[in-house]
Every structure is written in structure tokens, then in C-alpha cells.
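Asks: Residue numbers (our numbering), protein chains in the order written: chain Z, 469 to 566; chain G, 3 to 546.
Simulated from the structure, these hints should not be mistaken for laboratory data. Bear in mind that the values here come from a model prediction, so they are computed numbers and not experimental data. The C-beta atom is built at its ideal place from N, Cα and C for all residues, glycine as well. A few of these clues could be false.
What the hints assert, rightly or not - Using C-beta positions, here's what the derived DEER-type ranges look like:
id, chain 1, residue 1, chain 2, residue 2, range
1, G, T477, Z, T486, 25 to 31 Å
2, Z, L552, G, K5, 35 to 41 Å
3, Z, D558, G, K79, 23 to 29 Å
4, Z, T486, G, Y242, 48 to 54 Å
5, Z, Q527, G, G438, 43 to 49 Å
Said to hold, decoys possible - Rough simulated footprint, nothing fancy, chain G against chain Z, three-plus residues with beta-carbon under 8 Å:
id, stretch
6, 476 to 488
7, 506 to 519
8, 537 to 551
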Amino acid sequence: MKILTGNDLGTGDVVWWTGSDWSRHVADAVDVDNHGEAIAAAEEAARRVNAPYVIDAEQTPQGPRPGHIKDRIRAAGPTVRLDLNIKPADPAAGSWVI
Amino acid sequence: MYKYDQYDQAIVDARVEEFRDQVQRRLAGEISEDQFKPLRLMNGLYLQLHAYMLRVAIPYGTLDSRQMRMLAHIARKYDKDYGHFTTRQNLQYNWIKLEDAADILADLASVEMHAIQTSGNCIRNISSDQFAGAAADEVTDPRPWAELLRQWSTFHPEFSYLPRKFKIAVIAAEEDRAAVKLHDIGLQIHRNDAGELGFRVFVGGGMGRTPMVAPVIREFLPTADFVSYMEACLRVYNRYGRRDNIYKARIKILVHEIGAEEYARQVEEEWAHVKTLGLDPPAGEFERIAAHFAPPAFEGGLSDDLDRTDPDFALWLDQNVKAHKQPGYAIVNISLKPVSGIPGDASSAQIDLMADLAERYSFDELRVTHAQNIVLPHVKKADLYTIWQQLEANGLATPNLDLISDIIACPGLDYCSLANARSIPVAQKIADRFAGLDRQRDLGELKLKISGCINACGHHHAGHIGILGVDRKGTENYQLLLGGSGAEDASLGRITGPGFDEDGVVDAIERTVEKYRELRTEGERFLDTYRRVGMDPFKEAIYG
Ligand code: HEM
Ligand code: SF4
Numbered sequence: 469m470k471i472l473t474g475n476d477l478g479t480g481d482v483v484w485w486t487g488s489d490w491s492r493h494v495a496d497a498v499d500v501d502n503h504g505e506a507i508a509a510a511e512e513a514a515r516r517v518n519a520p521y522v523i524d525a526e527q528t529p530q531g532p533r534p535g536h537i538k539d540r541i542r543a544a545g546p547t548v549r550l551d552l553n554i555k556p557a558d559p560a561a562g563s564w565v566i
Numbered sequence: 003m004y005k006y007d008q009y010d011q012a013i014v015d016a017r018v019e020e021f022r023d024q025v026q027r028r029l030a031g032e033i034s035e036d037q038f039k040p041l042r043l044m045n046g047l048y049l050q051l052h053a054y055m056l057r058v059a060i061p062y063g064t065l066d067s068r069q070m071r072m073l074a075h076i077a078r079k080y081d082k083d084y085g086h087f088t089t090r091q092n093l094q095y096n097w098i099k100l101e102d103a104a105d106i107l108a109d110l111a112s113v114e115m116h117a118i119q120t121s122g123n124c125i126r127n128i129s130s131d132q133f134a135g136a137a138a139d140e141v142t143d144p145r146p147w148a149e150l151l152r153q154w155s156t157f158h159p160e161f162s163y164l165p166r167k168f169k170i171a172v173i174a175a176e177e178d179r180a181a182v183k184l185h186d187i188g189l190q191i192h193r194n195d196a197g198e199l200g201f202r203v204f205v206g207g208g209m210g211r212t213p214m215v216a217p218v219i220r221e222f223l224p225t226a227d228f229v230s231y232m233e234a235c236l237r238v239y240n241r242y243g244r245r246d247n248i249y250k251a252r253i254k255i256l257v258h259e260i261g262a263e264e265y266a267r268q269v270e271e272e273w274a275h276v277k278t279l280g281l282d283p284p285a286g287e288f289e290r291i292a293a294h295f296a297p298p299a300f301e302g303g304l305s306d307d308l309d310r311t312d313p314d315f316a317l318w319l320d321q322n323v324k325a326h327k328q329p330g331y332a333i334v335n336i337s338l339k340p341v342s343g344i345p346g347d348a349s350s351a352q353i354d355l356m357a358d359l360a361e362r363y364s365f366d367e368l369r370v371t372h373a374q375n376i377v378l379p380h381v382k383k384a385d386l387y388t389i390w391q392q393l394e395a396n397g398l399a400t401p402n403l404d405l406i407s408d409i410i411a412c413p414g415l416d417y418c419s420l421a422n423a424r425s426i427p428v429a430q431k432i433a434d435r436f437a438g439l440d441r442q443r444d445l446g447e448l449k450l451k452i453s454g455c456i457n458a459c460g461h462h463h464a465g466h467i468g469i470l471g472v473d474r475k476g477t478e479n480y481q482l483l484l485g486g487s488g489a490e491d492a493s494l495g496r497i498t499g500p501g502f503d504e505d506g507v508v509d510a511i512e513r514t515v516e517k518y519r520e521l522r523t524e525g526e527r528f529l530d531t532y533r534r535v536g537m538d539p540f541k542e543a544i545y546g
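Looking at chain Z on its own, in the form it has when it is part of the complex (with noise of 0.2 Å):
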């Protein structure tokens, strides 16, 4: 599936297209299928998101998982301090990202 992400724009924090919004949790993000590019345009236009792109990932039991692990630990936060990752309690943070 290709899921499209950014950064919100006055916060900075990483979000996921749902199909009508953004969401900080990549569980939420739908399949764009190819329409991401057209999506991204106009929401970055709208001011809704900055520097958003299209990427692969895979649909799982849990949601979609990012194909690279970059935009996993984006997802997720940093790998280092777990503390501050999007779900600070979740035990299966660490596979999931790596």
C-alpha cells in the first residue's frame, strides 16, 4: 500500500494522511493507492502539512507499517527514548521499528 506523510506545519510533528485529515498515528493512515501526489499538493497548498511524500508500507494486523525504517521511527519516535515515542508504554515499540 503507499501511505502519504508530512509534518504539520506550526508544530512540526509528523503526521499521516487519513483520507480526510492528518493524524499523528501512522494506525490511521489510509492507502492513497496513486492519487498521493495529488493529495499532498493540495493539502501543502491549504497550509495543512509541510513537505509531505508518498511512501510504501505494508498493511498489518496492527495498521500500516512504513516500508523503510526511517519513516518507522518517524512514525514511532526515536528509537534511543522511548520515553518520548508517540505510545511511551507500548513493549512492542522496539520490533516494530526495527
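Please build the complex by placing chain G with the ligands on the supplied structure of chain Z, with the hints as guidance.
Replies: Just chain G with the ligands, lined up with the frame of chain Z:
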């Protein structure tokens, strides 16, 4: 320490308001990211993996307790309660909101700080010897010259759009603690036979994808000609640097392509013209600057005796405390490399504590080192035990300066959008593997440096042992390099062979240092042994 005059303060304040306006226009949609990006970068604001990242300049690594407390305050108020001290003697915040950026810059400006010259193709924040003004081996304090460079280079209209970024370091000792030969320009102040001070000028060093050790282009530059000569060096680069290819745009490529001699000749030619322009400030102006760096009011007649009965204190003394030029005083190195910690990271509470210690015990001065540690430069020996106890209570007394666990590591893939692999977890695994202090001390001086990509922010080329993170078909992979040095004996490390995964590279390092223990002769550091025996024995130990 240097204090802003009205001009310094006015330009920094004006910059904050200009940026506030630019941010507002960006948030209001009046300008696009393409238009805004160069503007935010001129104010040290990057977009990184998790948020905006703000890089704060700490000119030549010197700051006072008021400034240090402001760094803690910003971390607490606008970030996630910590900051990352970098190899460029700066500080980075990883979780900044664009909405807060102008307020943060205003807070910084209130203590004579800013984020100018921390990005872009300009002359970047000047770096220097962290022991400046305190080192027993310096001929003068290099910082007044660094400050003069700062004033000359800040907003220099001709050099705001160079072919590429430009980094200058200044030292005044034989021991090179600032890696001058790995800078675009490295300056070493020394005395000539007549006893006058002047600069040895190195040009064209650097790391990144094409690492180079800078050649000397002038053995002795009289101090009176300093600014005009720098101007000439930059002009030649600005005119002939490779703007056509970003990978060839640094001055090191120009100097390498035309040769150091030819570059020097062109500089002399340009300088003959520049000298007539009256750019060199009158001696009075330099003295005005230098007066800010007058030595603090050291007490005379202090004893050098120390009570070493506490063995942990004695260990720390031997490893982290260095000789001061003033009898009865010492230089304290605060390691930001605790086992399992993140190299260079400090919490707001730790930053505040270090500020308190500086205020009470070090004439209000702190330094940031390129090895990502902090220095209290002027401490009375009689106060060392008290300082150590407070550092110890706050996780800041790891006695590992220049040992294998005193690792330089760039943010890597945990924070950096350019990264290929993570650096910090590798640093942590190595520090864990060698956690035993006896073992570390037995290995002696061993500088280990890690970068998460070829940009080499973690100085891997200059590590006695270096690690470079690469992307191998989507997985993290690590190349091992041996034999680099960023010191006065500068050299570039060589790759051992095929790369490793994270655990593999830790094992390879262990085999490397065991080989060293087997081969070393009395008093030989790892680097010396490597230079004597070469790569082959290590290769064999690593790959079998
Ligand atoms: C996280 C954001 C960062 C980005 C985007 C970044 C970007 C870069 C790039 C592109 C280069 C290569 C320049 C070239 O080869 O022409 C470079 C070099 C360098 N950076 Fe960074 N860097 C970052 C963080 C850091 C940090 C945290 C430090 C200090 C620990 C640092 C210190 C350096 C140094 C020392 C070099 C090599 C010296 C040189 O050739 O300029 N950088 N950086
Ligand atoms: S070396 Fe690469 S990964 Fe490390 S901070 Fe620099 S650009 Fe980022």
C-alpha cells in the same frame, strides 16, 4: 567573556523581529515552504525527522552561566527537557514548534545568543580550543581572534552565499583540541623566531564524502594582516569554488584541484589588492575585543595539593581533570557520555547544575567541546572535591575522558533526516561492552567516532576508530575505519573491509582492541600501534 556592544545587540534583536515576521507570513500562507526554507535556515531552524530542529550558536564554544541557564530554560519550556551538544560546539533542540521559534530566538537574544551562522552557505559559527585561556600550552588566548572573525563574518554581504558552507577554527597551542586541519580554514597562532605572534594558515580540510587534511598555505601571517588575508582567502574561494556541483563545492575540492601552492599564490595576488581597502581593524579595536577575554582574577599562592583518599574521586581526577596554567587551578571536563546515555545529551536539570557550578567555581565560564563534553575552565583545586560530588550526584562524573566510551556520535537515524543508519544505539552498545573502567583505562586514549551517513558530522574519518552508517538494501550497516585522528597528528581513517550489522560492528571493535593489546609496546596508544603495524593484523583479527 565577550559582551555585546550596542551594534551586536541591535543586529541580533532586529534579526529576531525579521524572523518573527517571516514565520507569521509562512503560517499565514503568504509564503511557500520553498520561499521560507532559506529564511528559516538562516536562523538555524531545520526540519528533521520528528519536528523542527533549532541549532543554537555558541561562538567558539564559550558561554556563561546566564546563557547556559537560558539553554536549560528553552529546553524546559519549548522542547522536551533536554538539548544535544554537538561536535561543532553548538547545541541542538530536536522538538521545536515553528510557532515558538521567534520567541525562542528572542529569549536567546536576551542573553546575547542567536542561531545565526548555524546553517546555510555562509561562514559558520567559529570554533576554537575548549581550553582557551586556561591551557598550560597556549601562546595566547585564541578567542579574541575568533571573536574578531565572528564580527567580520556575521552578515558579511559578500560571503553570505558562498559555493558551500564554510567552517573556521582557531587555536593557539601545539596540541590541537579543535581539529583545525579538518576545517575549511584552520588557524594556529604561534610565535616566529622574533617572538611575534602570527597565524599558521591551513586551508582546505574537511570531512564529508571527500575527507581531506588541510595543507598549510602560509606558515606565518602577521596578526595585523589577519582580516584582509581572510578576506582574500574567501574571495578566491567565492570566485572559483565549484558552484556547479554540490559535492565538489567545498573549498577542499578547489584547493585539491588547483593545488595548495596555486591557491596560495592566488590568495597572495588577491590579498595585494584587498590590503589596500583598509579592512584590517586598527589595533585599538582588537584590544577592545581582547580586553573582554582578560584572564579572570585568579588568586595567587594557592596550593596544588589534593586529598586523593576517595578512590572514585581520584579516578575522576586522573581522567577528567587537566592542567591549568595558573598554579592552584585546574580544568574540569564534564563527560556527557555516561554508560547507556546519549553522547552529548544533557537534561535541563543537568544544564542548570553545570551553570550553577560555573557560576560558583569557574569564574562564571563554561565551554562546549567538539567531543560533545562540557568544560569548567578555571576551577580552584581546593574546590574539585565538592564539584565532583555534585557532578556525581547528577550523573555527570563519568571518568572516561578520551577513553573508548567517550564516543562522538551524530544524531543519526534517530533524529536526522539525512541519515542512513542510527549512530546512538551503536555508541551505547560499545559503551556497554566496555563499561568496565579498568578495561577502558587499560586501553588508554582511544577516540571512537560515529556518523550515521557520509556527511561525517560525527567525525568518523578522524576517529582512531571510526564507524560510518550506510544503507545496505534498506537495512542499517556499519563500516569500520581505523587510524584517523583529528588532533595535531591529523590523519584520515581507512575502511577495514566489508561492513557489519549493529552487533557485528561491536564485536569487530572488540577484536580490534584485543589485537591492539596483543601488539602494543610500552606506552603505545591504539593509534600509535596502528601506525606502526598497519591495517593487516587488524584486518586479520576482524575478518579471520
Ligand atoms: C541533524 C541535522 C544535520 C544535518 C542536516 C547536517 C548536515 C550536514 C551535511 C550535509 C554535511 C556535509 C557537508 C559537506 O560535505 O559539504 C555535514 C557535515 C558536518 N556536520 Fe552536520 N548535519 C546535521 C547535524 C550535525 C550535528 C549534530 C553535528 C555535530 C555533532 C554536525 C557537525 C558536522 C560536522 C563536524 C561536519 C563535517 C565537517 C564538514 O566537512 O563540514 N552536524 N552536516
Ligand atoms: S552524519 Fe549524516 S546522519 Fe549524522 S547528523 Fe550528519 S547528516 Fe545526519
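Asks: According to a criterion of three or more residues whose C-beta lies within less than 8 Å of a C-beta of chain G, is the stretch 506 to 519 of chain Z covered?
Replies: holds (count 4)
Asks: Does 25 to 31 Å hold as the CB distance between G/T477 and Z/T486, or does it fail?
Replies: holds (29 Å)
Asks: Is 23 to 29 Å a correct range for the gap between the Cβ atoms of Z/D558 and G/K79?
Replies: holds (28 Å)
Asks: Quick check on a hinted range of 35 to 41 Å for Z/L552 and G/K5, using CB atoms only.
Replies: Since Z/L552 and G/K5 have Cβ atoms about 37 Å apart, the given range 35 to 41 Å holds.
Asks: Using a Cβ cutoff of 8 Å, are there at least 3 residues of the stretch 537 to 551 of chain Z near chain G, or does the coverage claim fail?
Replies: holds (count 9)
Asks: Do the Cβ positions of Z/T486 and G/Y242 conform to the proposed distance bound of 48 to 54 Å?
Replies: Check passed, 52 Å falls within 48 to 54 Å.
Asks: Do the Cβ positions of Z/Q527 and G/G438 conform to the proposed distance bound of 43 to 49 Å?
Replies: At roughly 47 Å between Cβ atoms, G/G438 and Z/Q527 fall inside 43 to 49 Å, so the hint holds.
Asks: Count the residues of the stretch 476 to 488 of chain Z whose Cβ falls closer than 8 Å to any Cβ of chain G, and tell me whether that reaches three.
Replies: With 6 residues in contact (Cβ-Cβ under 8 Å with chain G), the coverage given for the stretch 476 to 488 of chain Z holds.
In terms of the numbered hints stated before, the structure departs from none.
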